[in-house]
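Protein chains in written order, with this note's numbering: chain P, 1 to 639; chain F, 1 to 383.
Check each hint, because a few of them may be wrong.
[Unchecked claim] No farther apart than 25 Å at their CA atoms in a straight line, the calculated lysine to any residue pairs in the SDA-like style are these: (1) Lys23/P - Trp252/F; (2) Lys195/F - Glu27/P; (3) Lys23/P - Trp187/F; (4) Lys23/P - Lys83/F; (5) Lys57/P - Gly255/F; (6) Lys195/F - Glu25/P; (7) Lys195/F - Lys271/P; (8) Lys23/P - Arg310/F; (9) Lys168/F - Arg79/F; (10) Lys21/F - Leu38/P; (11) Lys83/F - Lys195/F; (12) Lys21/F - Gly431/P; (13) Lys23/P - Met289/F; (14) Lys58/F - Leu38/P; (15) Lys195/F - Gln299/P; (16) Lys23/P - Ala293/F; (17) Lys83/F - Gly46/P; (18) Lys57/P - Val286/F; (19) Lys271/P - Leu327/P; (20) Lys271/P - Gln299/P; (21) Lys57/P - Gly64/F; (22) Lys57/P - Leu257/F; (23) Lys57/P - Gly344/F; (24) Lys57/P - Trp143/F; (25) Lys195/F - Val32/P; (26) Lys23/P - Trp143/F; (27) Lys195/F - Arg30/P; (28) Lys195/F - Leu40/P; (29) Lys23/P - Gly255/F; (30) Lys23/P - Ala180/F; (31) Lys195/F - Leu327/P; (32) Lys57/P - Gly297/F; (33) Lys57/P - Trp187/F; (34) Lys83/F - Arg30/P; (35) Lys57/P - Met296/F; (36) Lys57/P - Trp252/F; (37) Lys195/F - Arg36/P.
[Stated by the list, open to error] Among the chain F residues that face chain P by a calculated CB cut under 10 Å, a handful are: (38) Gly64; (39) Ala184; (40) Phe266.
Bear in mind the hints are in silico, worked out from the structure with no lab data behind them. Beta carbons: idealized from backbone N, C-alpha and C, even for Gly.
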Amino acid sequence: MRLPRFFRRTKGGIENFSMRGVKREEEERRGVFTRRALLLGGVQLGAFAFLGYRLHKLQVEQGERYATLAEENRLSARLLSPPRGRVLDRNERVVAGNRLNWRALLVAEHTADVGATLETFSRIVPLADHERARVERDVRRRRRFVPVIVREFLTWEEMARIEVNAPDLPGILIDVGTTRIYPEAEHLAHIVGYVAPPAERDMDGDPLLQLPGIRVGRAGIERHHDQVLRGRAGAVQLEVNAVGRVIRELDRREGIPGQDIGISVDTELQKALRGRIEEGTSIVVMNARNGEVLAMASQPSFDPNVFNSGVSSAQWRQWTANRATPLINKATNGLYAPGSTFKMVVALAGLEARVITTAERISCPGHYDLGDSRFHCWNRSGHGGVDMRAALKVSCDVYFYELARRLGINRIAAMSRRFGLGVDLDIELPGTRRGLVPTREWREAQGRGWALGDTVVHGIGQGFYQLTPLSLCTMTARLATGRAIQPHLTRSIGGRPVRGSRPEDWPSMGIPDRDMRLVRDAMWAVVNEQGGTALASRLPGGYGMMSGKTGTTQVRRVTREQRERGFNVSQMPREWRPHALFVGYAPHDNPLYAVSVIVEHGTSGSGAAAPLARDALVETFNRFRQAPTPRVADAVRGT
Amino acid sequence: MSTVFERRLLTGDRGAGILQKLWQVPWLFVLLLCAVAGVGYVALYSAGSGDPDLYATKHALRFGFCLVLMLCIGFVDIRLIAKLAPLGYLGGVGLLILVALHGEVGKGAQRWVDLGLLQLQPSELMKIMLVLALAAWFHRASWDRVGNPFFLVIPAIMVLVPVGLIFKQPNLGTALITAALGGAMFWAAGVRWWKFAAIIGAAVAAAPIIYENLRDYQRARITTFLDPESDPLGAGYNIIQSKIALGSGGLWGKGFLQGTQGHLNFLPEKQTDFIFTMIAEEFGLVGAMGTLALLMGIVAFCFIVAMRCRHQFGRLLAIGLGMNYFLYVFVNVAMVTGSIPVGGVPLPLISHGGSAMLTTMIGFGLLISAWIHRDAEFGPAQD
């Protein structure tokens, strides 16, 4: 049996061995090797060329891109949060400020034993078990050089104790941040508003909003002037390594601190008014000559400090379930029919349209018949023949039914808008309601017709009107001065006064002085003349004279049956009783302050609202008595 | 016949004195190695952020030791080496088995044997031993004999045993490199090209089956290679950061000790597998290409030795050692440039780590021996 060739010792057998054969074989083998080695070398050369190509592509062609990425890796911009601007009242009292928040931080890598440090710390400043657990959890979750908050809002005493014991507290350091504080709590909540952590929709591209702990204004002045108060973020550019540890600071750009906002409100006046009023009442006191709001009280209110650290759901439920709506500022968002306080507007519209003269008397038998309908005067026995002054003084409804009929609804609406009713007032309180002054077109847009009877009812401020106490106060100030003042709160931004504090900043209404004088005289008579509806609410001696107008608006229709029985409102359930209104200004001969009061379900303007207005004005005079009395020439001419 | 050859074996070329051999040492090549190690020293000095004690000094000491060892091996007669080749191979396999049984577990794989002073990665040594053993085997084979499939059974087993052991560690990268090295040896020895075509075809067909049997991290390497941005903070992080470092180096680099990616620790394992990235970041394309040129010079010298050797053993040994070093360089640089999946392959003589340097220098010692004894008479193709 022949073995396969491989198992034989050599090719051809040992006996065939010859030097020549070996040489030939060797040369053959060498030739094959050389060819194959060259091929292998060629492949290797190609591979090196490929590596060169790759390096060229990465380092030259795409070098720019990767250089940018490397810089992004290396550089970390950290924002510096500027302090938020404060809100100051007209006496420079801080009503929204920043409180220093001293915090104890723990840097884990600076201590050998986190547990021991915390143990020592809790002997100096007691730590609850859950606080310790949170700190230990944070330490585990974060990198060891990132500070973890151990305790916030440290007192001076606690800080002193920590500092004294610093050698025993490795890794603990004290740091200061800020937190928003409202010293007047609920008194100015509706005006100043509040701040809260930004939500997704607040992200307006300002990098500042990305910072942890940042707050944005959510309501009131805080929201309206949020950009000014917030300031501009500063930045430090840092070099960081792969795990985020700061290697060095490369560049620092300080931010621009938020600017202070000065508002026109007098905190003491505001507090005094709030102390006088009950739930469901709102009062607005305004500087009649320039529209500065001096006080704007609405009951009930809320503590804005709560929002800073987050509102609990229980607290939120309590606020929203409360029917008295503490979160809503009734002075700007409460909507009411103006009732008789609206009659001055109708009178002026009538005079301007020349559908009536001041002297014309209209007979009031206690009711007004229009077709089949009968409209009652509040005085069932009638006022007899009344001219315009008397009609305003005794608040005769029949006179204004007739005047409204002559005018038509649209001329009344046009005059209303000139007095700031049913228009945007642009006050710095976001969410302020415009209210509603109906017109024929408005009604028709709803698919309903406008009947003459509707016009008659609107002549006495009833019907579809929905007006805010703020707009009624604006109306009163415009009546008092003849200038189209706009209500506003901002007096200064960053210490610089804002335009609008001088009467001359506001244009004249363009209503003839003669007409205005008659209406003002009638309003004076309401308060100061025998038979006036608010005679009982005259200002005490030494305060000058107040002019004004009462109003009472039904919230439920009085049925004929009730009317015939001679019903008594005091027997009605409270929520059925009419709202009580009063608008006024003082002093009569040189108007400085305008006021509007609405007492929900207060039953009668003269009984419930007028005394509050009187007290508000007395309080205002007391507060501002020290202020230099404006010269008469500065007051509105032709008063 | 035997007396002639025996005399030659005993007296002939081996009779050259030690001084004569010293003269024969390819000093230019030794200088080249020193230059490459010098590049490594500079890079490691930077990787240690200017502290030589961290990596650089150790690197220099190691290189000095390995240089002496290399020259000592270089003086050993190539025929003796050829005789000891099977023993070396068995020793290498023995170490691989040892590491499989008792090795240190690093990164989820058993790869290291702790030799006290020095940790050894037997898979590195195995590659040298495999080259030696295959060179010795094919040295005996004529062109005709290599064409015989049965003659290839034993060398195939010689390749597959270590490849299998390394694969089981598991170390997919080194297993593939070892297989490629074996393949190159087969090729140089003259195994017919159609056999390679058949094997490659079979490998392509078997690829899905192999993929099924890979460890999770090995699969992750392949998938992140295909789309590194898919997992930028996980397995793709190394590749992305390495590419950023390379690319940001630009043409001239950021300057010595100025590489931000490296010094701010964005670059992972910058002193070992990613040392080339460190060089390319600080010295730019110019520095990277210069380094590559030096490394190419080493491979080129292997080819010179192969061409000049008058015996098949030396030729195959030189080509195999050249291939081994080439594979280190190619896989490492291709890896850091994001061209192939990351595989934990160092850049010997430059990157920090004793195992690769030791085995590489042992290999170059063999190469020098082949050079010095390039004209040695082995006698005819025989066993």
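Quick rundown of the hints versus the structure:
Of the pairs offered as hints, the one joining Lys23/P and Trp252/F is violated, with about 54 Å between alpha carbons and a cut-off of 25 Å exceeded. Proposed proximity of Lys195/F and Glu27/P is supported: the alpha carbons are some 23 Å apart, at most 25 Å. At roughly 22 Å between alpha-carbon atoms, Lys23/P and Trp187/F fall within 25 Å of each other, so this suggested pair holds. For the proposed pair Lys23/P and Lys83/F, the alpha carbon gap of about 22 Å is at most 25 Å, so the pair holds.
Only pairs whose Cα atoms come within 25 Å are accepted, and Lys57/P paired with Gly255/F is accepted, the gap being roughly 20 Å. At most 25 Å may separate the alpha-carbon atoms for a hinted pair to count; Lys195/F and Glu25/P meet this at roughly 22 Å. Between Lys195/F and Lys271/P the CA atoms are separated by roughly 101 Å; this puts the pair beyond 25 Å, and the hint is violated. Using a Cα cut-off of 25 Å, the hinted pair Lys23/P and Arg310/F holds, with the two alpha carbons roughly 12 Å apart.
The straight-line distance between the Cα atoms of Lys168/F and Arg79/F is roughly 34 Å, outside the 25 Å bound, and the hint therefore fails. Our distance criterion of 25 Å between C-alpha atoms is broken by Lys21/F and Leu38/P, whose separation comes to about 29 Å. Using a Cα cut-off of 25 Å, the hinted pair Lys83/F and Lys195/F is violated, with the two alpha carbons roughly 29 Å apart. With a CA separation close to 99 Å, the supplied pair Lys21/F and Gly431/P exceeds the 25 Å bound.
Restraint check for Lys23/P and Met289/F: not satisfied, since their Cα atoms lie roughly 43 Å apart, outside the 25 Å limit. Using a Cα cut-off of 25 Å, the hinted pair Lys58/F and Leu38/P is violated, with the two alpha carbons roughly 38 Å apart. Among the hinted pairs, Lys195/F with Gln299/P is inconsistent with the structure: their alpha-carbon atoms are about 97 Å apart, more than 25 Å. For the suggested pair Lys23/P and Ala293/F, the alpha carbons sit about 38 Å apart, so the restraint of at most 25 Å is broken.
For the proposed pair Lys83/F and Gly46/P, the alpha carbon gap of about 35 Å is over 25 Å, so the pair is violated. At most 25 Å may separate the alpha-carbon atoms for a hinted pair to count; Lys57/P and Val286/F meet this at roughly 13 Å. Distance restraint check for Lys271/P and Leu327/P: the Cα-Cα separation of roughly 18 Å lies within the 25 Å cut-off, and the hinted pair is therefore satisfied. Restraint check: the Cα-Cα separation between Lys271/P and Gln299/P comes to about 11 Å, which is no more than 25 Å; the hinted pair holds.
Restraint check for Lys57/P and Gly64/F: the C-alpha separation of about 36 Å exceeds 25 Å, so the hint is violated. Distance hint between Lys57/P and Leu257/F is fulfilled; the C-alpha atoms sit about 24 Å from each other, no more than 25 Å. For a cut-off of 25 Å, the pair hint linking Lys57/P to Gly344/F stands: about 23 Å separates their Cα positions. This hinted pair does not check out: Lys57/P and Trp143/F have alpha carbons roughly 43 Å apart, beyond 25 Å.
For the hint linking Lys195/F to Val32/P, the alpha-carbon distance of about 16 Å falls within 25 Å, and the restraint holds. Of the supplied pair hints, the one linking Lys23/P and Trp143/F holds, its CA atoms being roughly 13 Å apart against a limit of 25 Å. Distance check on the hinted pair: Lys195/F and Arg30/P sit about 20 Å apart at the alpha-carbon level, within 25 Å; holds. Between Lys195/F and Leu40/P the alpha-carbon distance is near 17 Å, which keeps this suggested pair within the 25 Å criterion.
A hinted pair counts as satisfied when its Cα atoms are at most 25 Å apart, and Lys23/P with Gly255/F does not qualify at roughly 57 Å. A C-alpha spacing of about 31 Å is found between Lys23/P and Ala180/F, which places the hinted pair above 25 Å, so the restraint is violated. A hinted pair counts as satisfied when its Cα atoms are at most 25 Å apart, and Lys195/F with Leu327/P does not qualify at roughly 87 Å. Between Lys57/P and Gly297/F, the direct Cα distance comes to roughly 23 Å. Compliance with the 25 Å bound is thereby established for this hinted pair.
Taking the CA atoms of Lys57/P and Trp187/F, the gap is near 32 Å; set against the 25 Å cutoff, the hint is violated. A threshold of 25 Å between alpha carbons decides the hint, and for Lys83/F with Arg30/P the separation of about 21 Å falls inside it, so the pair holds. For the proposed pair Lys57/P and Met296/F, the alpha carbon gap of about 20 Å is at most 25 Å, so the pair holds. Of the supplied pair hints, the one linking Lys57/P and Trp252/F holds, its CA atoms being roughly 14 Å apart against a limit of 25 Å.
Taking the CA atoms of Lys195/F and Arg36/P, the gap is near 15 Å; set against the 25 Å cutoff, the hint holds. Annotation: interface hint on Gly64/F violated; nearest CB of chain P at approximately 29 Å, more than 10 Å. Hint status for Ala184/F relative to chain P: holds, with the closest Cβ pair at about 6 Å, below 10 Å. Using the Cβ-Cβ criterion of 10 Å, the hint placing Phe266/F at the interface with chain P is satisfied: the shortest such distance is roughly 4 Å.
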